[in-house]
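Protein chains in written order, with my numbering: chain U, -9 to 576; chain L, 314 to 606.
If you're looking for bench data, these hints aren't it; they were derived computationally from the structure. Nothing here was measured: the structure is a model prediction, and the numbers come from that model. Mixed in with the good hints, there may be bad ones.
If you want a taste of the chain L side facing chain U, the calculated C-beta under 10 Å gives, among others [said to hold, decoys possible]:
1) S408
2) G409
3) S410
4) L490
5) A497
6) V498
7) G526
Ranges of calculated distance between the beta carbons of each label pair, as one might list FRET restraints [said to hold, decoys possible]:
8) R461(L) x S7(U): 36 to 44 Å
9) G12(U) x R569(L): 54 to 62 Å
10) H496(L) x G12(U): 22 to 30 Å
11) H455(L) x D33(U): 40 to 48 Å
12) G475(L) x G12(U): 58 to 66 Å
13) L554(U) x A561(L): 52 to 60 Å
14) V9(U) x H496(L): 55 to 63 Å
For every residue, glycine included, the Cβ atom is placed at its ideal position computed from N, Cα and C.
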Amino acid sequence: MSGLSFLTPWGLLGLTSLVAVGVIYLFYQRFRERPVTGLFLWDAPALATRGGRRFATPRATRSLLLDVLAVILLALALGTPAWVAQAGRTLVVVLDDSLSMRAAENHESVRKEVDALIRGHGGGVLLIAAGETVRVLADQESTPATVRDALAAWNPYAVSDSVSQAITLAVGWSAGPGEMHIFTDQPLVLSPKDGCSLTLHRYAGRRDNRAIVDAERRFSAETGKDQVLACIANYAASKASLSVVIRTDAGVLARQQVDVASGGIETVLLDLPPGTGAVTVEMEGGIDALQEDSFVTLLPEPRLVVTGHVALSDDGVADMARRALRAAGILPSSQKAADVLVTDAADTRGRLATVRLVTTGSGTILAGPWVTDFSHELCRDFHLDGVYWACDESWRPSEKDITLLRCGDIPLVTYAPTGVITLNLHPARSNIMRTSAWPVLMANVVRMAREHMEGLHRANYRSGALPRFVRWEEAAKNPTRIQGEHFSTSWPMSGVLPVLPQVPGLYGLFHEKERLEYIQVNVLAPGESDLRLLADTAGVERVSDKLNQGGSVRTVSLAWVCVLLAMLLLALNWWLDDRERRAMLG
Amino acid sequence: MTASLHAADTWIKQGAKLATGWRLLPTTDIRRGPAGSHLLNTTGSSLDFHDFRAYQMGDDLRQVDWSVYARSDALVIRQYREEISPVLEVYLDASGSMGAYPGKQVAAVLCASFLAGLARGMEGRPILVTGGRRYAGAEFEHGLVTQRFRDTADVTTMASWGHATGKPVRCIISDFLFPADMHAVLTPLRRDAAALILIQILASSEREPTWTGGVRFRDVEHTNTHRDLRLDASAVARYRTRLEKHMALLDDAASRLNASLIRLDEPDDEEALPDVAGRCADMFRKAGVIDVA
């Protein structure tokens, strides 16, 4: 339906200003009677009608009519008049964007069917992909060509689907009820929507499948070993005998036989020769309905080696500290190059973290109770059961320090944003270094130091994961970009990338057009690889057929036209008045 | 101001009192008469000797001084100073235009009684001519008191109201605001008069109108006539220009008819009335109509 409507009807209250116009004219046009003798001496323009009362009935003069019309138009403009036209029914297409849609090339069938739907539809098309998040691939304002391009670029790789949420959102986004088609392989049960023609296109995805559901590349700084770890899952009804093959560009690097029970998962750990570049982990054998989850590519992980140095005056205590650091995977280093420094001197600092022991005072022994801030990463799993703590009761941290552990009002562990962890501890008089609390604390220190290391922390990610990247100081001014074949976004600051690449593949990390690192994204989606959970029958189900005359509407605001016309009328009135005045003056 | 009009007697008395100490300047055209008590500098028929002159053809032989002829054989005419007894005819415009503004009525009554006082001071006879009626002598003041200024007749019809004989001094009191040829209107009134004195009285709103906006003008002399006008500054300015031209026409007519023109302004309020009375005599003196007795 098309017609004139007011978007802000309250604005029509502006019509009350007509009263003001009327009052103005009442007073403006009232005539005071004057007795005169020399009437022949007056030659002002005579008015046509009678007057002389205190209030005169406003005459339908040109001036009054034009003023009234202008006020009416301005009041209408306040009401925001708009021509509302039905833009045609909106065709809403919800595509299951999860990885399982690729099984048996279902997504290609979906693409063809949706393309036919779009070609046969005259109105706007809302194309929605329901993956981990709901994404609009094309909205109602898009041209048919744009919609078809978006459909061609649709690439279902999400590790989960959100079809139900997409339906709910689509009803709102499509600006009213319309014709909705849902393409999915999930066993959805939909309820009819009011005024909405809802059609469910269900694809049968229930098949046997085997998949790599987890894989990573490990590098041990202590041993110098480079290893590949892969988790093999068998989502078939029977046991599978699989062969895990590791390839490089040069050929097969390793092969291992694995028997995986039905529904079971087996882990494979293979050593790689030093200096091995990117490797591909594949499976051979078994039933494979979804090929995308049967291989992964793993890049060499960045070697984030954290070095440490212990500079304590007490040799026994220093030895205990070194052992704890070594257990946390830290490499010994000289004091100057150390990332983590454990010291009892006040004037030395490590590059990433400093553990400073305050050994002054008498060394009061404390046995608790302890007040620990477990929300801080330094206190993760840090428990002091059976620990007696020797400290300087009179020591107080600076105002900027955060107290992480205290006993009563005595601060024992503090953290400064500069990376300095201060322990109010006499290690020689305490038993903490002979308990598990000490290596836990050192491990937390090392992990915190590692997370603050510059650059990319990992090279291999599962699709949908959040890459972590710490920018170095020189790169602070210009944004870093992550770019792949189907994905490109800016990384405005250090930390987690806000938008994750979903399509598996190799992505480059660029800074000022210079590629810094590579990121590999692999399909590792246990939920999507288990095709036994999907719908078991295919077909088209007409969920509801009550199609209203809804759909998107197009509104053309006429407010400015009203304002323009009002201005023209006022200008015309002024011009006519001026002309009359000039004519009167002769 | 309306209250002042009801006390017309007061203004009549004030006008008469104002005439004390002044005399109407005589003119040669004022009719000579034995009953006169005022001697002119011209020769006449009084008993006061004035001068001798040589006889000229046409002179009255009765004026020849026969004793001189007997002594010198020359015909000499003996001249005597003339005595006059002026007749003052006051034509008062009592039309609605004069009645529309109380101040104009007061000024008109004041002037008329002042003139009557002058005439009486010279043993003359004042005659009030208004509304087509004549009030002579003692009736003069009665005519003023009973006048209501509602007549439809104005100056243009005065010539038909009849004139006093014997070259009267004729005064016309009006606002002279009528669309007519002034010279043509006044000429019949000047024709048999010894002197013509025009007294124009205008209201302040007639001189300086300040109205703006919508105004309904009602013609006071034609009660059913009105005009609804939209006044602004330019319209008022044009009125003033037209009024000046109209007054210039009156000046021209007065000049051509050898008439004295006195312009009096309507007093703005009651307190200004005595001042107007004072100015009235002053204006008459400046116009050369009166002099100190």
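Results for each hint:
A hinted interface residue such as S408(L) counts as satisfied when its beta carbon comes closer than 10 Å to some beta carbon of chain U; here the least separation is about 8 Å, so the hint holds. The restraint placing G409(L) at the interface with chain U holds, with a minimum CB-CB distance near 8 Å, inside the 10 Å limit. With 10 Å as the threshold, the beta carbon of S410(L) comes within range of chain U, its nearest partner Cβ sitting at about 3 Å, so the hint holds. Look at L490(L): its Cβ gets to within about 4 Å of chain U, closer than 10 Å, so that hint holds up.
The closest approach between the C-beta of A497(L) and any C-beta of chain U is roughly 17 Å, which is over the 10 Å cut-off, so the hint fails. Proximity of V498(L) to chain U is violated relative to the hint, the smallest CB-CB distance being about 15 Å (cut-off 10 Å). A distance limit of 10 Å between C-beta atoms decides the matter here; for G526(L) the minimum to chain U is near 7 Å, and the interface restraint holds. R461(L) and S7(U) have their C-beta atoms about 52 Å apart, which leaves the hinted 36 to 44 Å range violated.
About 57 Å separates the C-beta atoms of G12(U) and R569(L), a value consistent with the hinted range of 54 to 62 Å. Distance hint for H496(L) and G12(U): a CB-CB separation of about 53 Å, inconsistent with the stated range 22 to 30 Å. Taking 40 to 48 Å as the suggested C-beta distance range, the pair H455(L) and D33(U) conforms, at roughly 42 Å. Evaluation of the 58 to 66 Å hint for G475(L) and G12(U) yields a pass: the beta carbon distance comes to about 59 Å.
Taken as a hint, the range 52 to 60 Å holds for the pair L554(U) and A561(L), whose Cβ atoms sit roughly 54 Å apart. At roughly 58 Å, the beta-carbon separation of V9(U) and H496(L) lies within the given 55 to 63 Å, and the hint holds.
Hint violations for this structure: numbers 5, 6, 8 and 10, all remaining hints satisfied.
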